[in-house]
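Taking my numbering, the leading residue of the sequence shown gets 233, the next gets one more, and so forth.
Keep in mind that the hints are not guaranteed to be accurate.
Estimated spans, in silico, between C-beta atoms of each pair [stated by the list, open to error]: (1) E316 - E291: 33 to 39 Å; (2) Q239 - H314: 28 to 34 Å; (3) G408 - L466: 32 to 38 Å; (4) H332 - R292: 17 to 23 Å.
Think about it this way: if two alpha-carbon atoms lie no more than 25 Å apart in a straight line, the pair counts; the simulated SDA-like pairs of lysine to any residue are [what the hints assert, rightly or not]: (5) K258 - L450; (6) K258 - A388; (7) K258 - L464; (8) K258 - A344; (9) K258 - R392; (10) K258 - V453; (11) K258 - A402; (12) K258 - H438; (13) K258 - H393; (14) K258 - R292.
Hint data in this document are derived by calculation from the structure and do not stem from the laboratory. From the three backbone atoms N, C-alpha and C, an ideal C-beta is built for every residue, glycine too.
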Amino acid sequence: MNALELQNATVPGRLHGVNLTLPAGKLIGLVGPNGSGKSTLLQFAAGVLPGTGEARWAERPLARIPAYERGLLAAWVPQEAHFEFGFTVRSVVAQGRYAHGDDEQGVDEAVAHFGLGALADRPVTRLSGGERQRVLLARAYATAAPLQLWDEPFAALDVRHALECLELAAGQARAGRTVVLSLHDLRLAHCLDEVVVLCDGRLRGHGAPEAVLTPAMLAEVFGVRARTGPSLILELP
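Kindly produce the complete structure, drawing on both the sequences and the hints.
Following this line, the structure appears as structure tokens:
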């Protein structure tokens, strides 16, 4: 079964015994207050943050998969884009296709999908924060990895690019990949197939957004009053 399974995932002081199964073909959102463990969970799942417990993909422990092969299985996009060298946009996106050989078409598609064509030859060190984030997303997209882990992917993007990237993420899920995004904007929940709620490093809910993001859950976890209907309206209590 192609699914991401977390078994008693624990990172001391940050994540406490989380058990989850996140299936393929789903767009899944991680939500929770600041410091709730969203980034930690994604980093643990990607194998870039040690802890105890286990992350498994297709019933294989990710930690026991060689790093090269793990890079083919999982693409992780960090919350902030940091580049120390002036590689061009195209060369950074091409890093996502290295395992696929000399695949210029795959690079071209990723650059185009994320609206980076006009920036392709520009050094990434000369881009805005939102542009750099789109480069990271394009690199992850280019991998075609079956497990996509994106940490706050839209935080630095303007409204148009955020919606475009969300649609690209949904398209990856429709193509059969497992796409997990950490989000703060609960208004995007209606675009998700599943939502995972974390608070204080613990799992508080998992399921369809309309079943999990109830007024009671939002009041307890986020400390806000919610009105449901055609759209979600959040207010201070």
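Open item on the list: Tell me the hint numbers this structure goes against, listed in increasing order.
Closed with: none
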